[in-house]
Amino acid sequence: MVAKTMTRYVNRRVLLGGICAAGIVGRASAQTVFRLGLTPVFLDNDAAVVDGLRRALSRSMGREIELVQRRTYQEITGLLLERAVDAAWLCGYPYLQHADALGLVAVPVWRGGPRYQSYLIAAADDAATGLADLRGATHAFSDPDSNSGYLVTTTDLHRIGARAESFFSRSIFTYGHRNVVRAVADGLVRSGSVDGYVWEALALIEPDLTGRTRVVARSEWLGFPPVCARRDRIGSQPVQALRAALIGMGETSEGRQALTVLQLDGFQPATDALFDGIAARMADLEP
Amino acid sequence: MQTLGRLPLSLKLPLLAAAMMVLVGAVASQQVLRALARVQDARVQELAQMHVEGLSVALGPLVLRRDIWEIYDTLDRASQGGEGRRMVLTAVADDTGRVLAATDPRRVPMDSAIADLGPRATALENLSVSGARPVLRLLAPLVYQGRTVGQIVTELDVSDLLTERRQALLLLILGNAVAIGVLALAGYFAMRKMLYPVTMLARHMTETKGEPHPIPNTEIPQGDGELAQLARTYNLMVGAVAAKAEAERRLAERERFVALGRLSSSLAHEINNPLGGLLNATDTIRNFSDRPDVVRQSAALLDRGLRHLRDVTRVTLDQNRMDRQHQSLCLEDFEDLKLLIQPEVSRLAQDMSWSVHLPPENPVGFAAGPIRQIVLNLLLNACAAAGPGGKIALHAGAEGRRLVIAITDTGAGMPLAALGRLLTDAPQTPGGGVGLRLVRDLTLGLAGTITHDRADGVTHITVTFGPEQGASDADG
Numbered sequence: 058m059v060a061k062t063m064t065r066y067v068n069r070r071v072l073l074g075g076i077c078a079a080g081i082v083g084r085a086s087a088q089t090v091f092r093l094g095l096t097p098v099f100l101d102n103d104a105a106v107v108d109g110l111r112r113a114l115s116r117s118m119g120r121e122i123e124l125v126q127r128r129t130y131q132e133i134t135g136l137l138l139e140r141a142v143d144a145a146w147l148c149g150y151p152y153l154q155h156a157d158a159l160g161l162v163a164v165p166v167w168r169g170g171p172r173y174q175s176y177l178i179a180a181a182d183d184a185a186t187g188l189a190d191l192r193g194a195t196h197a198f199s200d201p202d203s204n205s206g207y208l209v210t211t212t213d214l215h216r217i218g219a220r221a222e223s224f225f226s227r228s229i230f231t232y233g234h235r236n237v238v239r240a241v242a243d244g245l246v247r248s249g250s251v252d253g254y255v256w257e258a259l260a261l262i263e264p265d266l267t268g269r270t271r272v273v274a275r276s277e278w279l280g281f282p283p284v285c286a287r288r289d290r291i292g293s294q295p296v297q298a299l300r301a302a303l304i305g306m307g308e309t310s311e312g313r314q315a316l317t318v319l320q321l322d323g324f325q326p327a328t329d330a331l332f333d334g335i336a337a338r339m340a341d342l343e344p
Numbered sequence: 081m082q083t084l085g086r087l088p089l090s091l092k093l094p095l096l097a098a099a100m101m102v103l104v105g106a107v108a109s110q111q112v113l114r115a116l117a118r119v120q121d122a123r124v125q126e127l128a129q130m131h132v133e134g135l136s137v138a139l140g141p142l143v144l145r146r147d148i149w150e151i152y153d154t155l156d157r158a159s160q161g162g163e164g165r166r167m168v169l170t171a172v173a174d175d176t177g178r179v180l181a182a183t184d185p186r187r188v189p190m191d192s193a194i195a196d197l198g199p200r201a202t203a204l205e206n207l208s209v210s211g212a213r214p215v216l217r218l219l220a221p222l223v224y225q226g227r228t229v230g231q232i233v234t235e236l237d238v239s240d241l242l243t244e245r246r247q248a249l250l251l252l253i254l255g256n257a258v259a260i261g262v263l264a265l266a267g268y269f270a271m272r273k274m275l276y277p278v279t280m281l282a283r284h285m286t287e288t289k290g291e292p293h294p295i296p297n298t299e300i301p302q303g304d305g306e307l308a309q310l311a312r313t314y315n316l317m318v319g320a321v322a323a324k325a326e327a328e329r330r331l332a333e334r335e336r337f338v339a340l341g342r343l344s345s346s347l348a349h350e351i352n353n354p355l356g357g358l359l360n361a362t363d364t365i366r367n368f369s370d371r372p373d374v375v376r377q378s379a380a381l382l383d384r385g386l387r388h389l390r391d392v393t394r395v396t397l398d399q400n401r402m403d404r405q406h407q408s409l410c411l412e413d414f415e416d417l418k419l420l421i422q423p424e425v426s427r428l429a430q431d432m433s434w435s436v437h438l439p440p441e442n443p444v445g446f447a448a449g450p451i452r453q454i455v456l457n458l459l460l461n462a463c464a465a466a467g468p469g470g471k472i473a474l475h476a477g478a479e480g481r482r483l484v485i486a487i488t489d490t491g492a493g494m495p496l497a498a499l500g501r502l503l504t505d506a507p508q509t510p511g512g513g514v515g516l517r518l519v520r521d522l523t524l525g526l527a528g529t530i531t532h533d534r535a536d537g538v539t540h541i542t543v544t545f546g547p548e549q550g551a552s553d554a555d556g
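Chains as they are written, first to last, in my numbering: chain V, 58 to 344; chain X, 81 to 556.
I should point out that these hints are in silico values taken from the structure, not numbers from a laboratory.
Keep in mind the model is a prediction, meaning the values are calculated, not measured.
Ideal Cβ placement from N, Cα and C applies to all residues, glycine included.
Hints are supplied without guarantee of correctness; some may be wrong.
Said to hold, decoys possible - The calculated label-pair distances, taken between Cβ atoms and stated as ranges, are:
#1 X/R123 - V/R168: 48 to 58 Å
#2 X/M130 - V/D341: 50 to 60 Å
#3 X/R145 - V/S223: 16 to 26 Å
#4 V/W278 - X/R213: 51 to 61 Å
Claimed, not checked - Which bits of chain V does chain X cover? Going by a derived footprint, with three or more residues having C-beta under 8 Å, they are:
#5 224-237
#6 241-247
If we strip away everything but chain V, and leave its shape as in the complex, we get (with noise of 0.2 Å):
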């Protein structure tokens, strides 16, 4: 899964410049403008970088590349059902969720594998060893549909019998995992849950942030958030078009500094197997 911090003002103002200018774009060249949604993305808001992958995107894929961003994972995931974006940069638990219409495109590769942890994080002065001894804190969640952010702590949670809401005094959702990293570190709330991915590259360009913050405990590795499209759209040739240019992305220049920049290796093709540990979660937390 990729996390996203927004900055809000900017980021609405980027985003409606965008959807107006998408919106002109549209009406000119319906057929050449493709759209791609981003979950909040932990570097969302250095522009540059949004940038880059839209260009180095856009030139592999020989069209126009239309980033849409949203606040929560469920703005995205319902763009992505009705059709307003061709393809969207998901989590493992939207995905799954909704996995009889979505289809992978690609799933990142961060270290070597197209897997990641979720982690559980306190303040770096904490005493806490596990979540058990978090009880009765304050805690601050991501997103209700990120797996590391939210899904993994309340299994973790349901597993000792317990449940967020009468575990912790008083849970808060903050939309972003850098957000996460930020409450827990200011002293907002005692502990969170964050995407491993996330605080690994924050603890490299913001290492003031991490320092203050300390992961008490990690998940197993679970499939990484996938690029997806609905299932009904993934042999058509835009989505057959960005698979291409994402697998293909170490290969160009713009590609490479896009990666870089967003500390990951490459893309590679996925496989539903790939979100197992993910499902096992959702299942345990079924009824």
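Fit chain X to the given chain V structure using the hints.
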């Protein structure tokens, strides 16, 4: 205050001016500080109001939704701004007073009671940078779409404003001190220059030891100002005093000559009377030179007459010899006075009673010169008052350590003008003699007293000298 009263005018006035400047400076400084306080209060209130209103607009929907992260994120971003540095803490609570988020979550945790922050919090209109508190705490309602949806507590760091106020106070104190110091110094020199004629006048009046000197024209201020007029008037007064003193000296001298004239006349009689007898004796010796007994009788007569003449001459000389002035009074002085007055008494065929009781050795040491002059003047006055065939008397004696001299006469009594000259310092009427005023001046000079009494047709003048005062001028 007494110390201030003793200070010279040239120092006192600048000091008073400096004190008034200090007072004015203090009042002005107070006004400046008040104005500064008002400006700072208005500035802080305006800032706080903008802060609260801005937060209300931004946070209103978030508070309604209880979107804690968004509230915190908004507060956090707001605190990063320029004026955010003044807002050291902002906490937002819901309508039940439960904290939703604060810029310092560790200090004000989520779900804590906003009231815990409230005790020292003030409303916006009461926000004031006063006292020594570097942090002000504001409690304001969070109003969204016309209804109160929560509360905002903000702590404002006003330490810079307090520092600004302290610096202003320090600058005012320093500035006023320098200004007052410079002005006081300038005032001191200006006053000193302006008052120089006065101090010079005072110096001339106090440092001349009874002989005032006129102020030189070079030292009199230019122009026709009050001080120049004062100096000229002073010079005129000094001239008048000197002229008066000279006139008095001449009058006294004249009186002395008058008395001497009268004495000379009596002396001429005194000498002339025995001269006939002496000449007869010389004729007798010449005619009866062969008769030794007659010659011896005539020689004896000549001897007595010449001795009398010698005594009269000595007394007259003594009365006017300057070296007698400061010798101590003794019994012989009264004998001399009797000898001196006797011719006048004889001339007027008066009856004189003479009684002097002094100790053989004068223990007090009254000055002989002035007392002889006083007694002689009073005796001459008594003779004149008593007239031909009248009676005069002198009684002198020591009463304890005091010397009392009483002179009486059977005259018609002293006229008021004469009494005025003798008993008061009233100005002398033109034409009057100076003998009695001389008596008064000499007596007062010896710190003596004069009393006058008239009873049974007899005038009594009593002069009394105390031991200390009467002896002050005597060296014997």
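Results for each hint:
1. X/R123 - V/R168: 48 to 58 Å: holds (55 Å)
2. X/M130 - V/D341: 50 to 60 Å: holds (51 Å)
3. X/R145 - V/S223: 16 to 26 Å: holds (22 Å)
4. V/W278 - X/R213: 51 to 61 Å: holds (56 Å)
5. 224-237: With 7 residues close enough to chain X, the hint holds.
6. 241-247: With 4 residues in contact (Cβ-Cβ under 8 Å with chain X), the coverage given for the stretch 241-247 of chain V holds.
Hint compliance for this structure: no hint is broken.
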